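Required output: the full structure, derived from the provided sequences and hints.
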Amino acid sequence: MKKIIIALIGFALLASCDDFLVESPKTEIAVDQFFTNADDARGVVNSVYRIGAGASFYDSGGFGGSNAMMGSYMSGLFDNEGKGERIQGQLAHDLQVDPVNLSQFLGGWWNGMYLAIARTNLAITGIEGIPQISDSERATLTAEARYFRALNYFFLVKNFGDVPLVLEPTEGLEDIFVERTPSDEVYSQIVEDLEWALNNGQLPDVPFGGGNEGRVTRGAVAALLADVNLQRAGFPVQNTSAYAAAASAARTVINSGTYSLIQHGDNIDGDSAYNRMRSDDSPEYIWSIEYDAGVSDSGYPRITIPGVVRPDGIAYGRTLNMYRPINEIIQLYNPEQDLRVQNNQMYYTSLERDGVVYEFNEYVPYIWYEEQAVFETARGDRNLNITRYSEVLLIAAEAIARTEGVTSEAVNYLADVRSRAYWQTDRQQIVDALSGLSADQFVEEVWKERYRELALDFKAWSDIQRTRKYPTTAELNPGNATFVDVIGADNNWGQTYQETDLLFPIPDEEMQRNENLTQNPGY
Amino acid sequence: MKTATKIMGVPILAFLVMISSTILMSSQLNAQISQQNMPKLMTYYSVQDYSDQIPALKSNISVDFKNAPRVEALFDIAEKAGLEIAFDSNKLDQQETVTFSKSRITVGEALQMALMGTGYEASITNRRQIILTEPAPQLQDEFDVTLSGRVTDADTGEPLVGVTVYVEGTQTGTTTDPDGFYTLDVADDATTLTFSYVGYMRQDISIGDQTTINVEMATDIARLDDLVVVGYGVQRRSEITGSVGIVPADELTPTSFNALQGLRGKVAGVNIFTNSGAPSGSNRVIIRGTGSINASTDPLYVVDGVAMDDGINFLNPNDIESIEVLKDASATAIYGARGANGVILVTTQRGGDSERVVVGYDSNLSVGQMLGRMDVMNAEEFMEVQRTALQNVPLFNSNVTTAPTLDTSLDPFLFDANGNPIYDTDWQDEATRTAFSQDHNLSIRGGTEKSSIGAVLNYTNREGILLNSYMNRASLKLVYDVTPKDWLKFGTNLTVAKIDENHVEEGGGGQEPRRTMIEMAPILPVIWPEGTPLAGQYSNQTHVNSMTLEGQSNPVHRLLEEDRLRDRTQLFGNTYMAIQITPNLEFRTQFGLNNRLYEERRYRPSNMIAAGAPDGRANFNSNENNYWQSENFLTYEQDFQRSRLSAILGASWQERTFTSFSQEVRGFSDDFFTFNNFGAATDIRQPSSNNFSWSLNSYFNRVTYSIDDTYTFTFTSRLDGSSRFGANSKWGFFPSAGVSWQVSNEEFMEDVEFVDNFRLRSSYGVTGNTEIGVFRSLATIGSGTTLIGGVRQSQSFTTRLPNPDLEWEKTYQFNIGTDLDVFNQFLSLEMDYYYKLTTDLLLDRPVPGTTGFTVIQDNVGSLSNRGVDVKLTTANIRKRDLFWSTTLNFNYNKNRVESLGVGDEDIFPGPNWVSGSQTILRVGEPVGNFYGFERIGTWGTDEAAEAAAAGRIPGEAKRSTDRRIIGNGLPDFTGSFINEVNFRNFDFMLDLQFVLGSDIMQQFLHTAEDRQALTNGLATQLHDAWTESNQNTSIQRIRHQPISGQNTQADSHWIVDGSYVRGNLIQLGYNFDPSVMDKLGLTQLRVAARVENAFVIDDPNFKGHDPEASSWGGNIHAQNIFFYQYPRPRTFSLGVSLQF
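In the order they appear, the protein sequences are chains A and B.
Take the first sequence: its position 360, counted from the start at 1, is 355 in the working numbering, and no numbers get skipped.
Take the second sequence: its position 5, counted from the start at 1, is 17 in the working numbering, and no numbers get skipped.
Hint data in this document are derived by calculation from the structure and do not stem from the laboratory.
Computed from a prediction, not measured in an experiment: that's the story for all the values here.
All C-beta atoms in this analysis are idealised placements derived from N, C-alpha and C, irrespective of residue type, glycine included.
Please note: incorrect hints may appear among the correct ones.
[To be verified] Label-pair ranges, simulated between beta-carbon atoms:
(1) B:N430 with A:N487: 39 to 49 Å
(2) B:D974 with A:R422: 51 to 61 Å
(3) A:R271 with B:G801: 16 to 26 Å
(4) A:S274 with B:D322: 45 to 55 Å
(5) A:R271 with B:T581: 56 to 66 Å
(6) A:N487 with B:I1109: 29 to 39 Å
(7) B:G952 with A:D264: 47 to 57 Å
[Said to hold, decoys possible] Result set (DMTMM-like, lysine to aspartate or glutamate): computed pairs, CA atoms no more than 25 Å apart in a straight line:
(8) A:K21 with B:E612
(9) B:K92 with B:D189
(10) B:K742 with A:E169
Put into structure tokens, the structure is as follows:
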């Protein structure tokens, strides 16, 4: 008997633990314990700043460039030195994008943007139920979430056309196979979110870096609303009433008085407006992607040294020019008059270091160059400014010309941007030249200015998508462009654009995962 | 001093009953499982003559017999001496009793006392077995015929001494004399004469008219009565219904560091991929095919009864007694939800069992050299590529009309006045070395009559062939077993081990030394010499002005100056208590512990600017894994007249807790501090910590019933509950059934003389796989930080879609096998066919991205493995002094993905690299498929127009437009071919291993062939490159990567046949004669010389170091996909092993 008692001790020791198999995570919080206070709400909203169409869309690697550059590669106006090994750049130039070849790359866009949307959906519904939060913070956080939801849907609808419209958080496997919603309805939702944020969001009205603490501002919302409406008015949706809405939103930014263009300093060689853009803080910046060498460093300095040179003391193991403007777009600039194309302004073609001059024999974005990163730390520290006041002026000029004609307001907006570049040209001369143009001629002048001014803001492909016009330039006629129909036009690599190319295919992996999806025509 | 002449053999009786001194289960769990080894004959020592010399007989015991049955007295003596006793229970009169009492008597004397008056004599074998020798039969008048003859060993022709010769069915019998002769008077009605001898197969000879009967006896290698370690106990080999691979210590490849290394090729169906030549390189083990896609494919390791969840890479291999591999469901179902990938059971040695202390010392010294150098360009060839590439620039860049030229005058310290390179550095030579390693193992074993104790001390210092890579291990094991009461046993074993290493990164695609020793430009010196501006500094590609080489840090610099230290401290042990409740029923409770502390300290100095840390970087990572298990089980053993029953029933609790912390800092003003002063850093990165645990609660049973030693049935089941699964499916049940039929025991087989042993086995059952991450069934909120407003702000997000139904993978396995020995065991065959179907795969089942997630962990999909395991052994020569045997074992496995997800979607499990995922999972295809473009060749000059349309020029790669399956990294056939020769005191072993039907994806061709002029590379990029006169080549035209870009994609040109034959081991050993050992006071002395990894025969198109590797060790689909590798050395070693 004694033995049996001893024998059973072992069983008795542990048999009573009822919760032995219950998992209790310590590094993650259970969902039902969440959304109880303002900190939780802030945490969820914070999590959408970098994902999807947010900052990570602009993060650049050394070989692949950033996602935001893909459109520029599609436009054929920009080349990259990594395309021999990162397939997306090659397929873009070859116009061989298809749902299978680019399934993983485009799937990354798609998944990232819907991930951001899912989090904003969770935030928007969750914040509503939080008891411990002030009304103004509730409004601001909701406005931020709606801004990012709109931003992500805008990228989706612009690049994929009709897309599933999901506005509630997904919590299980019910109702997950969502069909595509017509593009114009998606635009309506985007506009609704942005207008809500503009009207109810209690957002700060300051330039980026001017006290917004990195957060969404009224100007950012209005600028996005203007951009959205401009895109909606063009192909393929062609909702022409949106031009007026674009003009209105752009005027909201302009009339706020918050923003102004950076002006040149005394020394045009080192202190021009374009040199001053190599800083983090200016009344011209509406939305920037934040980088910090110590927290999230920027990869852009690494792609400002072409692989063909290897300056002594360089801190990066390998550098490549991942965003090379080819001759066709360089010829859009007047080499004598336009400051932007001159060395060490927007671009540079050689680097002097310790008395040695390294000739690139190609144009390289200079705005992204950071000496300290290239030669010391290998970590970029500067923000990437992606929505600037100049863009809003150009949107306003185009939208006003389309709806109200070539008014002096429209002319002035375009002249503001152009005269800064044509710094030695009399402004009145520019205004006079523009004032006599028809609406269509004037709009083409706006487009040229967009290609020139916004070349490093990744706008080229969106413009081709909405205008369906392709800029062609000639070596003998620099500073000018002729716009031809993009369908049937050839890119620099001899490939001909078809209508199919103007929307990306729904990635094959998503097609496989959702049988209710249809593919874009032509794929 | 009396010389210890050996007597070969002692007579014993016909039907041996092996009875261990205590009930089976209690003793055998701890007992050394004796594995007979065919070539080594058993040696017998007569108790009468040698009791004062044989240690086991000299030890003192105390006896007290009053009218005790003689049989019991014998058992009692054996038990007290820790010996086994064997005799024919029918021959000794069960009624006879003995009476004697002595508090101090040697075992030898006690045995003689106990046998007094019977005429029997005791002898003892070198296996610690007491054998009783039958008395010479009484002469009787009625004998009519005198038979005589000689008994010899069938193989060697040696006389066999002490063979029992008797007339079947009578008491008439005798034994052979030292020359093997016997004489026996028999009645004239005697018909059959039986010859019987331990270790040999019994023979029945019909007498007929013969008066001289000479017999040759063959050794018995079937070893049906051997005991084999199985889960929670041992089983007779003859009663195992499952498929179990058994590797005793002496069959493990002698190796100084890793036990798995020694298991390579020893068990059919167990594929061990040694993917690295680093001292700490770990092995990937796949038993009977890849059985999972997303969960682990590693087998379960159980060491002395304790699950070792980090594998046995760091175990002291010298201390291993045996390894058993459980392969089919009948064998693994006792491990239920953790058994699906097979189970590797390791038994380590226990303590001694007499008062004599046995000291053993093994030492191994080895020298490793690089094998499989890659053929890279020298300085001259490198410059030729540079020049040709520049000449070709206008071909690739339409806007360049004049070819650029190289201005070597910019680099006066690299080029002489004529533009010729001054240096010609062989970086493979510079970065590698001859590696010296040593291994020392000291064991001390002893005990008292009731206890045994042992200590094993191991020290290993192993150098890697890459400079400054090393690993040290010091481990101490203590083991103690005691029997305080006759119903109680207690034992414990505890190992403390410390392993430290300087590690060389083996994964990924970065600028690591394994890569840069191939790609670093040969025109650079290792260190700039006096007289140059950077004198004394390591060279770096950023110092080259005239060229635009890829920034790489010098591999010698990295290897010598960077710290990559890893420290492991392990505490591992098991304590048990066994209680004999009744003679047939034992209760055992055991508690096992495996606590591992890991510390990683790294520092990358600031002058390694091209290595991504221009201002110095220090890392400190630490974690602790604490695993415990508590297991309790009852064992019931009953021997009926014609049948045997054994059963176990038990319960188990297991828990593992993991905690970790890591921190990185950068920005040091001085490299002095390395990782020792984090406070001196200016850039403090975000720290991280983690904590999780999982638990498992299980109930298990096994019933084995055998009839007539011919039919055996085994039923096994386990009920497992795991914390890692959904609330709705915490518990899983895993049953299996097996049957074995000893066909050769059947009457109808009696006339089939050429068959010595024939057994059929079959089993079917279900096992599981729980090896996924924690919390996978729960939706939780993850947290971290993100940059907003120039500072870190906290962020929160939902981590995954919850799945409360998440449960285990289930593997249904059918096995049918046979064990066959024929022609006096000239040929032995073990063969199994299996079919494994794994369902409910723990897959990241794709869900539409519109949910905000891309996957939900779910049980969908299935895959199958079917194949054959074969082990074929032939005893080619069995002569006196010469023994030669050959073993061929192999596995053929066919793997197929049966279903995936809900819609059978393709899954791309990575690794994601050039061209995206390099592997694909597709229904109908096996796992491990490579995914990429088809390389059709290169564009020819006659295809210039076609090439231009595709944006290419002649000389560039011509590929398919879509990506396809272009190879598979997992082999169809794996196995080994082992020859062993024993000649007198010498033994020789040649162990060849082979792999057939696998492919290799040579990712290094991306940089070593396709990026000319950027780095150094393979000589083929110069000599076999496309030129107008050499168009029939798949190697592209020389192109200046920095200027003209590159054209490189994962394609079929990267794929090469991965089949190979490896000279795994060549060994020559010498065992010294007892006479020599006597003089030295030793009981065992052996020396051996070996060559490990002597040669590899592989596809001539393979350009890497070794055809077995992976640069993506964390990805189970990436076998044989590699971007350079740590070369596997050829190792010469010299070992000595002694005992006194």
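Here is what the structure says about each hint:
At about 42 Å, the beta-carbon gap between N430 (chain B) and N487 (chain A) stays in the expected band of 39 to 49 Å. Between D974 (chain B) and R422 (chain A) the beta carbons are some 55 Å apart, a value that agrees with the proposed interval 51 to 61 Å. R271 (chain A) and G801 (chain B) have their C-beta atoms about 22 Å apart, which keeps the hinted 16 to 26 Å range intact. Between S274 (chain A) and D322 (chain B) the CB atoms are about 52 Å apart, so this pair conforms to the stated range of 45 to 55 Å.
The hinted window of 56 to 66 Å between R271 (chain A) and T581 (chain B) holds, with their beta carbons roughly 57 Å apart. The hinted range of 29 to 39 Å is not satisfied by N487 (chain A) and I1109 (chain B), whose Cβ atoms lie roughly 51 Å apart. Distance hint check for G952 (chain B) and D264 (chain A): the Cβ-Cβ separation is about 52 Å, which falls inside the suggested range of 47 to 57 Å. Of the supplied pair hints, the one linking K21 (chain A) and E612 (chain B) holds, its CA atoms being roughly 23 Å apart against a limit of 25 Å.
Taking the CA atoms of K92 (chain B) and D189 (chain B), the gap is about 32 Å. The hint is violated against a cut of 25 Å. This hinted pair checks out: K742 (chain B) and E169 (chain A) have alpha carbons roughly 23 Å apart, not beyond 25 Å.
Violation of the numbered hints given earlier is confined to hints 6, 9; the remaining hints are satisfied by the structure.
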